[in-house]
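Given chain A's structure and the hints, the job is docking chain B onto it.
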Amino acid sequence: MGALSELIATESLVKFFGNITALQELDLRIPKGISGFIGPNGAGKTTTINILLGLLKPDQGKARVFGFDSWHESFRIRQKVGVLHERPSYPGAFTGQRYLEHVAAIYGVCQSPTKVQEILKTVGLSDARDRAIKTYSAGMIQRLGLAQALVGEPELAILDEPTANLDPLGRIEFLEKIKELHQKEGTDFFVSSHILPELERICDWVSIVNHGIVVAQGRTEDLTAEYSASIFKIEASDNDLLASQLKETGLVEKAWTEAGTLYCKVRNAKDLQSGLPKLLTELRLELRSFQPMTNNLEEIFKSVIGRDKE
Amino acid sequence: MNWKLSLLRLVLLEFEGYWSFPVFELVLFAAFFSILNQPAVTMITGYSNLNKGIYGIGILLQILTVGLIVPRSFAGSFGRREIVVLLSYPVKRWSLLLSKIVANFLALLAMLSCAILVAVPLFGLSFFEAAPYALILTSSIQLLFLFSIAMFISVIVKNEVVSVFVFLLVMFGVEFNPLTTSGAFAYLTQIKSNDILYQYLTALFYNTPSAYGFDQFIFALSFTLLISFALITSAFVYYTHVMQID
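In order, the protein sequence lines correspond to chains A and B. Residues in the first sequence are numbered from 646 upward in steps of one, following the numbering used here. Residues in the second sequence are numbered from 30 upward in steps of one, following the numbering used here.
Chain A on its own, in the form it takes in the complex (with noise of 0.2 Å):
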């Protein structure tokens, strides 16, 4: 991919909190489009979202978002891109119009009333657009988010656990509004958050992060097909005992067992196929179940995240 496509390219990018690192050689590429960031709580993703806005400086290497550096250019980064953080606060003081006006007479961009009424109506607070945010539910506090983070027009919003504090209605909802925003008004999205199932209906593009370390990235459907294909979830009688065996006979590169399923990473499909029979045999191990992962993001993020454990 080149590098003009690319809206985010980190480079070894390392931070350390005291004695903890947060972040260890990440390298991100994230390329226009809406793109998915996922790992588990305390994988990265915050520190990483707060490195590409400039409010953190890495430790070492180097952030840039649309080219800019993240520390020494992040005011140029932040006129193109509009955030909506994880637990935002906003001055509850205000009503939810009013504060969208400010935020878009700081992004400089047309602060007609109407225009600010467009965004509520987008994001459903059009009937609560008079009332004071303290009045708020959670659930309102995040369409006000994403209305903030959309009100300055931006190029790319960042969105961090966007879903959070919503119901699954709302969640459906929400996810379905950032697909519209991107095909109508080509505004691309970068979102954080770990429940996969939500990302995989609208991201082209995945990362998956996990101890501060990108553990892969591609086309969501690139990745689907490359685990399908050579990642197999198996069942026995005693799996912990199977996946040593398999390790030990070379019939598997790596194998490691996540929530009580023994997932095996292969070179060949055919050897495990024609091998695993006559292993059983000789363990004295039932076959429960024997399949090819299916292909999607939960069961891909599963088996990364279980095989980074190993």
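Because the hints were derived from the structure by calculation, they are not lab data. Don't take every hint at face value.
Straight-line distance between alpha carbons at most 25 Å, and here's what the computed DSS-like set of lysine-lysine pairs gives [unchecked claim]:
1. A:K892 <-> A:K923
2. A:K822 <-> A:K677
3. A:K707 <-> B:K121
4. B:K121 <-> A:K725
5. A:K760 <-> A:K824
6. A:K878 <-> A:K892
7. A:K725 <-> A:K829
8. A:K899 <-> A:K915
9. A:K702 <-> B:K187
10. B:K33 <-> A:K725
11. B:K187 <-> B:K121
12. A:K899 <-> A:K910
13. A:K878 <-> A:K947
14. A:K677 <-> A:K824
15. A:K677 <-> A:K725
16. A:K824 <-> A:K725
17. A:K915 <-> A:K892
18. A:K829 <-> A:K677
19. A:K702 <-> B:K121
20. B:K187 <-> A:K779
21. B:K33 <-> A:K760
Label-pair distances were calculated between CB atoms; the ranges are [unchecked claim]:
22. A:E830 <-> B:A139: 53 to 61 Å
23. A:G895 <-> B:T269: 54 to 62 Å
24. B:L254 <-> A:I840: 53 to 61 Å
25. A:P842 <-> B:I274: 28 to 36 Å
26. A:C755 <-> B:V271: 33 to 41 Å
27. B:V271 <-> A:G687: 23 to 31 Å
28. A:P685 <-> B:I274: 21 to 29 Å
29. B:S155 <-> A:R776: 44 to 52 Å
30. A:T902 <-> B:E45: 53 to 61 Å
31. B:V271 <-> A:I840: 54 to 62 Å
32. B:S169 <-> A:G687: 42 to 50 Å
Cβ atoms here follow ideal geometry from the backbone N, Cα and C, with glycine treated the same way.
For chain B alone, coordinates are given in the frame of chain A:
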């Protein structure tokens, strides 16, 4: 966006959003209440009465007011994560800090001036006399001094409660420390510094002999202004070049 417009918008945000009930009203009420409860109010007349009336409790009130309000805006914005949201907008860090300084200082100055001006008729003074304005000028200089200390502590500490505690500890520690009751260190105290500035200015306005000389006045003034300038500059350097927000 033009930086002046951006700064103005941020000042408005600070005023509208963070100066809402109940802090402003409560402090104003406390100021009026303190003035109305002065025992010396009806006993003596003249500017020296104004000095005695507002002076002691006024300094205490000023320290408490600054100590509660400045950390609320500066350190509190870290705790409430408002700073994370604001610094994700296209605003320069210096302009955000300046907007907070302008909004908070103007609001505190307005409160202080209101409290003094309300007290003028209570002390039997006229608005056409120099004394109230000398007191406002003196108090403004001292307010800048207190403000810069509280702001510096808040920006470094980033925790509202701890900032209030550290500020009050520093101020009352300096005010009541035996080392600062006399000599050069006395210029660090609000009581001594205020006294020199106010006495000299009123004597100058009324054309009467002052208890303090010009050299002492200049020393007290430059000492206060230099410390304020140094602290504000340090806070700006830290805020714009060093500070990281998680």
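Tested hints:
no., hint, verdict
1, A:K892 <-> A:K923, "holds, 15 Å"
2, A:K822 <-> A:K677, "holds, 18 Å"
3, A:K707 <-> B:K121, "holds, 21 Å"
4, B:K121 <-> A:K725, "holds, 14 Å"
5, A:K760 <-> A:K824, "holds, 20 Å"
6, A:K878 <-> A:K892, "holds, 15 Å"
7, A:K725 <-> A:K829, "holds, 18 Å"
8, A:K899 <-> A:K915, "holds, 16 Å"
9, A:K702 <-> B:K187, "holds, 18 Å"
10, B:K33 <-> A:K725, "holds, 20 Å"
11, B:K187 <-> B:K121, "holds, 19 Å"
12, A:K899 <-> A:K910, "holds, 5 Å"
13, A:K878 <-> A:K947, "holds, 11 Å"
14, A:K677 <-> A:K824, "holds, 13 Å"
15, A:K677 <-> A:K725, "holds, 14 Å"
16, A:K824 <-> A:K725, "holds, 19 Å"
17, A:K915 <-> A:K892, "holds, 16 Å"
18, A:K829 <-> A:K677, "holds, 15 Å"
19, A:K702 <-> B:K121, "holds, 16 Å"
20, B:K187 <-> A:K779, "holds, 23 Å"
21, B:K33 <-> A:K760, "holds, 24 Å"
22, A:E830 <-> B:A139: 53 to 61 Å, "violated, 44 Å"
23, A:G895 <-> B:T269: 54 to 62 Å, "holds, 58 Å"
24, B:L254 <-> A:I840: 53 to 61 Å, "holds, 56 Å"
25, A:P842 <-> B:I274: 28 to 36 Å, "holds, 32 Å"
26, A:C755 <-> B:V271: 33 to 41 Å, "holds, 36 Å"
27, B:V271 <-> A:G687: 23 to 31 Å, "holds, 26 Å"
28, A:P685 <-> B:I274: 21 to 29 Å, "holds, 23 Å"
29, B:S155 <-> A:R776: 44 to 52 Å, "holds, 48 Å"
30, A:T902 <-> B:E45: 53 to 61 Å, "holds, 56 Å"
31, B:V271 <-> A:I840: 54 to 62 Å, "violated, 36 Å"
32, B:S169 <-> A:G687: 42 to 50 Å, "holds, 49 Å"
The structure does not agree with the numbered hints 22, 31 stated previously, though it agrees with the rest.
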